[in-house]
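Chemist: Sequence:
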Amino acid sequence: KIKPHTRNAIVGPTASGKTQLLYILAGLTSPVTGEVLIDNININEFDNTSLYNQLGIVFQDSVIFNTTIRENIAFNTSATEESINKAINTAELDEFLSTQKLGLDTQVSERGTSLSGGQKQRLTLARALTLNPKILLLDDFTARVDRKTEESISKNLYKNYKDLTIISITQKIESIKDYDQILLIMDGELLATGTHQELLKNSFEYKQIYESQKSTENK
Numbered sequence: 001k002i003k004p005h006t007r008n009a010i011v012g013p014t015a016s017g018k019t020q021l022l023y024i025l026a027g028l029t030s031p032v033t034g035e036v037l038i039d040n041i042n043i044n045e046f047d048n049t050s051l052y053n054q055l056g057i058v059f060q061d062s063v064i065f066n067t068t069i070r071e072n073i074a075f076n077t078s079a080t081e082e083s084i085n086k087a088i089n090t091a092e093l094d095e096f097l098s099t100q101k102l103g104l105d106t107q108v109s110e111r112g113t114s115l116s117g118g119q120k121q122r123l124t125l126a127r128a129l130t131l132n133p134k135i136l137l138l139d140d141f142t143a144r145v146d147r148k149t150e151e152s153i154s155k156n157l158y159k160n161y162k163d164l165t166i167i168s169i170t171q172k173i174e175s176i177k178d179y180d181q182i183l184l185i186m187d188g189e190l191l192a193t194g195t196h197q198e199l200l201k202n203s204f205e206y207k208q209i210y211e212s213q214k215s216t217e218n219k
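Those letters in the sequence shown? Residues 1 to 219, per my numbering, in order.
None of these hints come from the bench; they were simulated from the model.
Treat the hints loosely; a few may be bogus.
DSSO-like cross-link-like pairs, simulated, lysine-lysine; straight-line CA separation at most 27 Å [what the hints assert, rightly or not]:
hint, residue 1, residue 2
1, K162, K148
2, K148, K101
3, K86, K162
Generate coordinates for the entire structure from the input sequences, incorporating the hints supplied.
Modeler: Right under this line is the structure:
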C-alpha cells in the first residue's frame, strides 16, 4: 500500500523483479494474479488518456527525439512556461542549458547522441514533470548522474512537488534513505517494508545490501 503525497522506493538486487513491478504499476503489463488499485479503482477501469495524464514515468533507458530540447520536454501543448521552467530547475538542467547558445531551442541529434547519459535522463524527468502528474514512477533514473546531482534532484522534487506521490525503483539505498517507505524485493517476493532505520533493525537482507554498498563506496 502506498499513501498519497509520500516518497516510496522499491529496492533489491539485479533481476529481483523491480522493473517488472514498475511496468505493472504503470498499467503497461497485466499481473498474472492480484490487481492494481488507484484510489480503490482497478487500473484497468481508467480511460488511458485520463490515466497517463496523471502518471509521470521515467524509464532507465531514455527516449529522446530528433527535435529541440523544448519539444522533447513539452510534449503536452498545454504546458506553460512556468511548468517547463519548474521542471527544468527540478531536473538540474539549468546549468546545461546555460551552455547552449539557443537554450531550449537547441536541436537534439537523432536518439540524443549529442547528449550524455545523465543529460538524457534529466531531460526525460523534466518531460514527466511538465505534465504535473499526481504519481511519478522512476526506474533507476539517476543511474547515469553523479551523487551530488542525484541528491539535488531528490531535494528539488521534495521542495517543488510536495503533493506528488513518488515510487522510485533503485539499487542504491543511499539516495532514498529519507523516503517515507522502502520496499525490499528479492526473487520477485516482497521481503520487508519500512523506513530505512526500521529495515536496518528488522531486515537482515536489507542491512546486508546497505553495508555492502557502503563498503564498495568507501574503497
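Chemist: Does each hint hold? Answer for all of them.
Modeler: Taking the hints in turn, this is what the structure says about them:
no., hint, verdict
1, K162 x K148, "holds (21 Å)"
2, K148 x K101, "holds (26 Å)"
3, K86 x K162, "holds (13 Å)"
The structure fails none of the hints (numbered hints given earlier).
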